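**Q** The chain contents come next:
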Amino acid sequence: DARVTQTPRHKVTEMGQEVTMRCQPILGHNTVFWYRQTMMQGLELLAYFRNRAPLDDSGMPKDRFSAEMPDATLATLKIQPSEPRDSAVYFCASAPIRTGEETDTQYFGPGTRLTVL
Amino acid sequence: AQKVTQAQTEISVVEKEDVTLDCVYETRDTTYYLFWYKQPPSGELVFLIRRNSFDEQNEISGRYSWNFQKSTSSFNFTITASQVVDSAVYFCALRINAGNNRKLIWGLGTSLAVNP
Chain A
1 DARVTQTPRH KVTEMGQEVT MRCQPILGHN TVFWYRQTMM QGLELLAYFR
51 NRAPLDDSGM PKDRFSAEMP DATLATLKIQ PSEPRDSAVY FCASAPIRTG
101 EETDTQYFGP GTRLTVL
Chain B
1 AQKVTQAQTE ISVVEKEDVT LDCVYETRDT TYYLFWYKQP PSGELVFLIR
51 RNSFDEQNEI SGRYSWNFQK STSSFNFTIT ASQVVDSAVY FCALRINAGN
101 NRKLIWGLGT SLAVNP
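Protein sequences appear in the order of chains A and B. Letter 95 of the first sequence, counting from 1, is numbered 95 in our numbering, and no numbers are missing. Letter 14 of the second sequence, counting from 1, is numbered 14 in our numbering, and no numbers are missing.
Hints in this document: simulated from the structure, not taken from any laboratory. Given the structure is predicted, the values throughout are model-derived calculations rather than measurements. Glycine included, each C-beta is placed from N, C-alpha and C at the ideal position. Be a bit skeptical, because a hint or two may be false.
Taking lysine-lysine pairs in the DSBU-like style, the calculated list, with each CA pair at most 35 Å apart, reads [as the list claims (entries may be wrong)]:
#: 1; chain 1: A; residue 1: LYS62; chain 2: B; residue 2: LYS103
#: 2; chain 1: A; residue 1: LYS11; chain 2: B; residue 2: LYS3
#: 3; chain 1: B; residue 1: LYS70; chain 2: A; residue 2: LYS11
Interface residues of chain B toward chain A, partial, derived using beta-carbon atoms under 10 Å [said to hold, decoys possible]:
#: 4; residue: VAL14
#: 5; residue: ASP29
#: 6; residue: TYR37
#: 7; residue: SER42
#: 8; residue: PHE47
#: 9; residue: ARG50
#: 10; residue: ARG102
#: 11; residue: LEU104
#: 12; residue: TRP106
#: 13; residue: GLY107
#: 14; residue: GLY109
#: 15; residue: ALA113
#: 16; residue: VAL114
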């Protein structure tokens with residue numbers, strides 16, 4: 001049963017520290033999404049990649065957030081420096097999107113719960 | 001502009017009751033896709049169903065059923081004979097067919113509590 005994996009599951013850090021979250025998409029999925037979920041804002045799309053290239057990162061605060069896909073099996077989301085308002089659950093999702101096909105269901109990982117003190 | 005509204009913030013039912021979760025969407029596109037996801041207390045978002053705008057047939061999967069009505073822009077989700085394990089937050093989402101755009105427009109979710 002293929003699943004998206006995310007590490008760490010929980011992270012507590014102090015304001016100003018760098019935070020790196022990692023995601024391993026389902027093997028064969030070529031599109032990766034990063035979401036943030038808070039009680040106030042709900043689910044927000046931060047960025048997404050197709051074939052490791054960023055397609056849209058308009059939802060991401062550029063000054064402190066960065067997202068990359070060093071290879072097809074790893075996506076990273078970094079926050080530097082972190083702030084208390086970044087406290088949220090960060091989800092990664094992957095999808096097997098192919099040109100001409102619309103079967104683009106997103107499959108989610110378990111999330112990283114980030115607390116910035 | 002695209003938008004998804006889940007007017008019911010919280011619903012509480014007693015086990016074995018039927019419950020319907022409402023989802024109303026807005027889009028000017030003629031081709032679009034609708035999704036339902038479940039988020040149980042464990043936190044992971046679980047895909048339930050995807051429906052494209054050309055397929056208005058209702059769908060049934062066990063105790064779950066979905067009623068898609070383009071005339072009212074609604075894609076409602078019914079759980080029959082609810083169980084405690086159905087307790088979760090349920091999200092409805094919309095995607096338009098726009099080239100490489102694969103963004104989902106999410107509703108704010110409906111929190112369902114099924115009590116024994």
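**Q** Give a verdict on every hint.
**A** Results for each hint:
1. For the proposed pair LYS62(A) and LYS103(B), the alpha carbon gap of about 19 Å is at most 35 Å, so the pair holds.
2. Taking the CA atoms of LYS11(A) and LYS3(B), the gap is near 33 Å; set against the 35 Å cutoff, the hint holds.
3. For the suggested pair LYS70(B) and LYS11(A), the alpha carbons sit about 43 Å apart, so the restraint of at most 35 Å is broken.
4. Given the 10 Å rule on beta carbons, the hint for VAL14(B) is violated: about 26 Å separates it from the nearest Cβ of chain A.
5. Annotation: ASP29(B) was flagged as interfacial toward chain A, and the flag is violated, the nearest CB pair being 13 Å apart, outside 10 Å.
6. Taking 10 Å as the C-beta contact cut-off toward chain A, the hint placing TYR37(B) at the interface holds, the least distance being around 8 Å.
7. Look at SER42(B): its Cβ gets to within about 7 Å of chain A, closer than 10 Å, so that hint holds up.
8. The beta carbon of PHE47(B) is positioned within 10 Å of a beta carbon in chain A (closest approach about 5 Å), and the interface hint is therefore held.
9. At about 5 Å, the closest approach between the beta carbon of ARG50(B) and any beta carbon in chain A falls short of 10 Å, and the interface hint on this residue holds.
10. Among the interface hints, the one on ARG102(B) holds; its C-beta lies about 6 Å from the nearest C-beta in chain A, closer than the 10 Å criterion.
11. Because the closest C-beta pair between LEU104(B) and chain A is about 7 Å apart, less than 10 Å, the hint holds.
12. The beta carbon of TRP106(B) is positioned within 10 Å of a beta carbon in chain A (closest approach about 5 Å), and the interface hint is therefore held.
13. Hint status for GLY107(B) relative to chain A: holds, with the closest Cβ pair at about 8 Å, below 10 Å.
14. Because the beta carbon of GLY109(B) sits about 7 Å from the nearest beta carbon in chain A, less than 10 Å, this interface hint is met.
15. About 17 Å separates the beta-carbon of ALA113(B) from the nearest beta-carbon of chain A, more than 10 Å, and the hint is not met.
16. Interface restraint check: VAL114(B) against chain A, minimum CB-CB distance 21 Å, threshold 10 Å, status violated.
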